[in-house]
Structures are given as structure tokens and as C-alpha cells.
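Participant: Just add 526 to wherever you are in the sequence shown, counting from 1, and you've got the working numbering.
Keep in mind that the hints were calculated from the coordinates and are not lab data. Glycine is no exception: its CB is placed at the ideal position from the N, C-alpha and C atoms. The reader is advised that the hints may include incorrect statements.
[What the hints assert, rightly or not] Computed spacing ranges between beta-carbons, pair by pair:
1) Lys679 <-> Thr535: 37 to 47 Å
2) Asp591 <-> Ile672: 31 to 41 Å
3) Glu566 <-> Arg626: 30 to 40 Å
4) Arg555 <-> Arg674: 18 to 28 Å
5) Thr535 <-> Leu681: 36 to 46 Å
6) Ala656 <-> Asp591: 34 to 44 Å
[Stated by the list, open to error] Simulated crosslink set (DSSO-like; lysine-lysine; CA at most 30 Å straight-line):
7) Lys643 <-> Lys633
8) Lys633 <-> Lys543
9) Lys628 <-> Lys643
10) Lys628 <-> Lys543
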Amino acid sequence: MNIRPLRATEIETVVSKLWRPFAEAQEARNERWELADDAEEAMVSNFQNGVRQDDVFVYIAEIDDEVIGYLLFEVRDTPPIFTRERDCALDQLYVEPEHRGKGIAQKLLDRAVRIGKERGAETIVLTIDAANEGAIEFFEDLGYNIWRHHMYKPL
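Take the sequences, apply the hints, and build the full model.
Facilitator: So, in C-alpha cells, the structure goes:
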């Protein structure tokens with residue numbers, strides 16, 4: 527298994543093969559998510575913009591040259607009202623279901639932690655859908671703590 531940066535030429539494949547099922551799983555778990563008709567096009571553009579930024583990273587996991595997972599994260603400054611200066615913010619992590627439980631997500635996270643530390647991040651943060659029990663358990667088992675709850679109410 528290999529972990530490496532996403533190449534610009536692979537963006538469309540990663541979006542259709544990995545991001546799409548990630549997004550559809552979110553949509554199925556959360557009544558607030560409904561994918562737009564042009565969601566894949568928008569995400570291709572989002573990935574293209576991200577890979578051009580110095581503090582946004584997309585890493586892929588591959589086995590035998592087949593992409594089987596990805597992680598999108600950024601190392602960012604915190605607002606100046608806080609004493610902590612930088613965070614490593616995980617945005618998306620997805621591993622194909624048939625490859626889960628093999629340490630692939632952990633290896634992707636290890637890369638984010640390493641890069642975050644190298645760039646001065648003091649914490650790693652992420653948001654998980656409340657209904658995504660598998661992800662919550664995964665991150666709790668790794669020592670992540672609940673920091674805040676996001677709530678909503680239809681208007």
C-alpha cells in the first residue's frame with residue numbers, strides 16, 4: 527500500500543470513484559444533505575483549487591496502482607482571538623468499504639499529523655456527521671475527543 531499526494535490528472539477519477547460514494551453516504555445519513563445535479567463537477571473544481579494552495583493537501587492510498595482511499599485536509603491559522611496558532615483540519619476521509627479495517631485510514635491520518643506538525647499545527651480537528659457511528663468510534667478509538675456540537679433547526 528502506498529500513500530502519496532493526489533496528482534492533478536487523477537482528480538476526476540478520485541471524485542467519481544471515491545468522493546461520490548463518500549458524499550452519497552453522507553446524503554443517506556443526513557436529511558440536510560441532498561447532492562446537487564452538478565455535485566461532481568463542483569467537487570472537481572474544489573479539488574483543483576485545493577491542490578494549488580500551499581496549505582491544502584489531498585493524499586491518496588493505493589494498492590497495486592489502484593486508488594482505494596483519500597484524505598483532504600488543510601493546515602490553517604486559527605482566529606487571532608485564540609492563543610493557539612494553527613490547526614490541522616481534516617475535511618474528508620474515505621476508504622472503500624472492502625479495504626476498511628486494514629489500517630489504511632490510519633496511514634492517511636498519520637500523514638496529516640506529520641504534515642500538520644511540520645507546519646506548526648498544535649491540534650487536529652474534524653467534523654463527523656452525528657449518525658456516522660463507525661467514524662465516531664474510529665476516531666474515539668484513536669483518542670479524539672468531542673470538542674463541540676453543531677446543531678440546526680429548519681426555518
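Participant: If a hint holds in the structure, say so; if it does not, say that too.
Facilitator: Hint by hint, here is what the structure shows:
Remark: the range hint 37 to 47 Å for Lys679 to Thr535 is upheld by a beta-carbon distance near 43 Å. At roughly 38 Å, the beta carbons of Asp591 and Ile672 sit within the given window of 31 to 41 Å. Between Glu566 and Arg626 the Cβ separation comes to about 23 Å, which falls outside the hinted range of 30 to 40 Å. For Arg555 paired with Arg674, a C-beta distance near 19 Å keeps the hint of 18 to 28 Å intact.
Distance hint check: the CB atoms of Thr535 and Leu681 are about 43 Å apart, consistent with the given range 36 to 46 Å. For Ala656 paired with Asp591, a C-beta distance near 36 Å keeps the hint of 34 to 44 Å intact. The straight-line distance between the Cα atoms of Lys643 and Lys633 is roughly 15 Å, inside the 30 Å bound, and the hint therefore holds. Restraint check for Lys633 and Lys543: the C-alpha separation of about 20 Å stays at or below 30 Å, so the hint holds.
The straight-line distance between the Cα atoms of Lys628 and Lys643 is roughly 25 Å, inside the 30 Å bound, and the hint therefore holds. The straight-line distance between the Cα atoms of Lys628 and Lys543 is roughly 19 Å, inside the 30 Å bound, and the hint therefore holds.
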